[in-house]
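> We have chain A already, so just place chain B on it with the hints.
Chains as they are written, first to last, in the working numbering: chain A, 37 to 542; chain B, 23 to 193.
No lab work stands behind these hints: they were computed from the structure.
The reader is advised that the hints may include incorrect statements.
To be verified - In the DSSO-like style, the derived pairs of lysine-lysine whose C-alpha atoms are separated by at most 27 Å in a straight line are:
1. A:Lys200 to A:Lys142
2. B:Lys113 to A:Lys483
3. A:Lys465 to B:Lys113
4. B:Lys113 to B:Lys150
5. A:Lys287 to A:Lys332
6. A:Lys325 to A:Lys287
In this text the structure is predicted, and so the values were computed from the model without any measurement.
For reference, the chains in residue letters:
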Amino acid sequence: MFEDIGNLMHGFAVVVQPHNLLLMVVGIVLGVIVGVLPGLGGANGVAILLPLTFSMSPTSAIIMLSCIYWGALFGGAITSILFNIPGEPWSVATTFDGYPMAQQGKAGEALTAAFTSSFVGALFAVIMITLVAPLVASFALRFGPAEIFSVYFLAFCSFVGLSKEPPFKTIAAMMIGFALGAVGLDQMTGQLRLTFGSETLIGGFDFLIAVIGLFGIGEILLTMEEGLSFRGKSAKIDLKVVLKTWKELPKYWMLSLRSCLIGCWMGISPAGATPASFMSYGIAKRISKRGKNFGKGEIEGVVAPETAAHAAGTAALLPMLALGVPGSPTAAVLLGGLLIWGLQPGPLLFVEQTDFVWGLIASMYMGNIVGLIVVLTCVPLFAAILRIPFSVIAPIILVLCAIGAYTVHNNTFDVVMMLVFGVVGYFMKKANYPLAPLVLAIVLGDKAEVSLRQALLGSQGNLGVFFSNGLVGSVMTLGLIALFWPIIQNGWARIRGSSPEARAAE
Amino acid sequence: MSDTAHETGGAGPSHRGVEAGVAVVVGAFGIITVLGSLKVGIGWADDGPMAGFFPFYIGLAIIIASVVNLYNVLAAPNDGSVFATWEQIYKVLTVVVPTAVYVTIIPFVGIYVASALLIGLFMLWLGKYKPQAAIPVAIGVPIFFFITFERWFLVPLPKGPLEQMLGLAVG
Numbered sequence: 037m038f039e040d041i042g043n044l045m046h047g048f049a050v051v052v053q054p055h056n057l058l059l060m061v062v063g064i065v066l067g068v069i070v071g072v073l074p075g076l077g078g079a080n081g082v083a084i085l086l087p088l089t090f091s092m093s094p095t096s097a098i099i100m101l102s103c104i105y106w107g108a109l110f111g112g113a114i115t116s117i118l119f120n121i122p123g124e125p126w127s128v129a130t131t132f133d134g135y136p137m138a139q140q141g142k143a144g145e146a147l148t149a150a151f152t153s154s155f156v157g158a159l160f161a162v163i164m165i166t167l168v169a170p171l172v173a174s175f176a177l178r179f180g181p182a183e184i185f186s187v188y189f190l191a192f193c194s195f196v197g198l199s200k201e202p203p204f205k206t207i208a209a210m211m212i213g214f215a216l217g218a219v220g221l222d223q224m225t226g227q228l229r230l231t232f233g234s235e236t237l238i239g240g241f242d243f244l245i246a247v248i249g250l251f252g253i254g255e256i257l258l259t260m261e262e263g264l265s266f267r268g269k270s271a272k273i274d275l276k277v278v279l280k281t282w283k284e285l286p287k288y289w290m291l292s293l294r295s296c297l298i299g300c301w302m303g304i305s306p307a308g309a310t311p312a313s314f315m316s317y318g319i320a321k322r323i324s325k326r327g328k329n330f331g332k333g334e335i336e337g338v339v340a341p342e343t344a345a346h347a348a349g350t351a352a353l354l355p356m357l358a359l360g361v362p363g364s365p366t367a368a369v370l371l372g373g374l375l376i377w378g379l380q381p382g383p384l385l386f387v388e389q390t391d392f393v394w395g396l397i398a399s400m401y402m403g404n405i406v407g408l409i410v411v412l413t414c415v416p417l418f419a420a421i422l423r424i425p426f427s428v429i430a431p432i433i434l435v436l437c438a439i440g441a442y443t444v445h446n447n448t449f450d451v452v453m454m455l456v457f458g459v460v461g462y463f464m465k466k467a468n469y470p471l472a473p474l475v476l477a478i479v480l481g482d483k484a485e486v487s488l489r490q491a492l493l494g495s496q497g498n499l500g501v502f503f504s505n506g507l508v509g510s511v512m513t514l515g516l517i518a519l520f521w522p523i524i525q526n527g528w529a530r531i532r533g534s535s536p537e538a539r540a541a542e
Numbered sequence: 023m024s025d026t027a028h029e030t031g032g033a034g035p036s037h038r039g040v041e042a043g044v045a046v047v048v049g050a051f052g053i054i055t056v057l058g059s060l061k062v063g064i065g066w067a068d069d070g071p072m073a074g075f076f077p078f079y080i081g082l083a084i085i086i087a088s089v090v091n092l093y094n095v096l097a098a099p100n101d102g103s104v105f106a107t108w109e110q111i112y113k114v115l116t117v118v119v120p121t122a123v124y125v126t127i128i129p130f131v132g133i134y135v136a137s138a139l140l141i142g143l144f145m146l147w148l149g150k151y152k153p154q155a156a157i158p159v160a161i162g163v164p165i166f167f168f169i170t171f172e173r174w175f176l177v178p179l180p181k182g183p184l185e186q187m188l189g190l191a192v193g
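Extracted from the complex, chain A is given alone in its bound form (with noise of 0.2 Å):
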């Protein structure tokens, strides 16, 4: 424990260095404008600017590309508040009281409220991590590949528990991207499969190439139907109406810490910050006295969201870190982004890469701070970026997801697969199939698959490995539940004569 704190420290040392320091502005800056586009989101944009860390050092890449990842959160907030655009799925509960305030004249605390509650959301998270991450990595050390399996088993199944998508189309997308990373080269076998005699399948799929398609071509071309058209009020913060808020944000607390819990809750298990923002509003809104207000422009429902998906978005970091499962897409890239670097995620990166760790826990806090004071001082700037047509805006994003596929593998083939996956994606998202345990699937599929045939291989083929002894047997069952909450959900309801008012909730 002690030596934690050493440890962390230490990892402040590092990254207070001017350079690190530079990065992490760079870093914020992008991510809000990521945040802020349509387009590009938190999991593309850095996937996107990945290829631009392979010269760093691997502190120092980690740094800006998790700085783009807090940007890109803070970033959200901005648009629905001013424009009642989401600029992320994260933030769409945000717009529900945040506009309304808009128009109320009232964009400037709103703002500020958003930002601040992203910031305890996110420490909190952050707090969270320093002290359970290197518990559970240390634990996770012991784990053999059934172990190892039994946590890949419980991720995927929270996801067809917990979304809000139809299981079986969860599952249809899940099993997609798990057959997608099977292409090429079997990890174990060394044999080629999958790849029907064509040369270009050999190296299998990309699941950069995947997120950048899925998430920048695709919701590209969802913008481009709906003919959007931004109207937003117009921003101004001030110091005076920042205090003013800030004054006023500590009567909050209880809702805080809830938020923060909720997040944190579904940040860990792979659910993500867009349904742990929902979940939130909809407790709030719920257990509130001016519960009726929501959706008029009350503060409280900008709290709670934003506070909940920052929590979740920084807590799906944790299971990255200490086990090696992202808990959501954007961590999935971070991850992709440590193996490229020569880093393996998961227990022993505790033991072998404490500067590294360390170094991103550190930044985590001082990514933060950052973040909060960049964009309360540069609203006006981002917004003004929002005013920009989007028949300018779309082809330079085009552009910027093109060179960000080419650069993956410097492969122009590449490019025309981004093209292929965003088209599938804007079919997939419109028969509203989720793309996220699809990405989450192509990246952990060859993991996943390697430690279930080590697994059969040590208990020759029988099945009952999965419940030799308590810890993995309590984990495969956990994720039984997950699999099959809707059906347990239905069928309580049922016993009880009610229906599952919980639903009202989305």
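Leaving out everything else, chain B in the frame of chain A:
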């Protein structure tokens, strides 16, 4: 970002039809996965499960899931909603088609020239900008990217005849 059916009026392909189509395509993908797995063997070899073991069951799961999805689409009453109006589809195609051309010409003319063309034509054609506004942006943005990627971050991007002529191709 609406994920539900558009009911904004106007004609277009039905949501139901497209959704059934997606389920069929996904199912076909599952069948391909199963066939591909069978080719490399799905059984048990001396060194444990064979290469096709895992993808085989994945493929099977895809097929089952899409059968259920297809059933759900067909069993639900037709609500008459459209997937997207023809006008919306046209708008989407105005992005897809130029982008398709863009990705095809990148290997031949390089990414910078292709990007300049994409941005320029997009602004002129869809944005109805005057050439004096579109051309500077179309040329300026690729130059900015060139400096950022090739000079600052030392990431080489595909280049074509124009860069070779200017002597920038080795960078």
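> Is the straight-line distance between the alpha-carbon of Lys113 of chain B and that of Lys483 of chain A 27 Å or less?
violated (41 Å)
> With the threshold set at 27 Å, check whether the alpha-carbon distance from Lys325 of chain A to Lys287 of chain A stays at or below it.
The given pair, whose Cα atoms are some 13 Å apart, holds under the 27 Å limit.
> Just to be careful, I want the Cα atoms of Lys113 of chain B and Lys150 of chain B compared with a cutoff of 27 Å; is the pair within it?
Satisfied, since the Cα-Cα distance of roughly 15 Å is no more than 27 Å.
> Holds or violated: are the alpha carbons of Lys287 of chain A and Lys332 of chain A at most 27 Å from each other?
Holds, because 20 Å separates the two Cα atoms, which is no more than 27 Å.
> Could you grab the alpha-carbon distance between Lys200 of chain A and Lys142 of chain A and see if it respects the 27 Å cut-off?
With a Cα-Cα distance of about 32 Å, the restraint between Lys200 of chain A and Lys142 of chain A is violated, given a limit of 27 Å.
> Are the Cα positions of Lys465 of chain A and Lys113 of chain B separated by 27 Å at most?
holds (17 Å)
Consistency with the previously given hints fails for numbers 1 and 2, ordered from lowest to highest.
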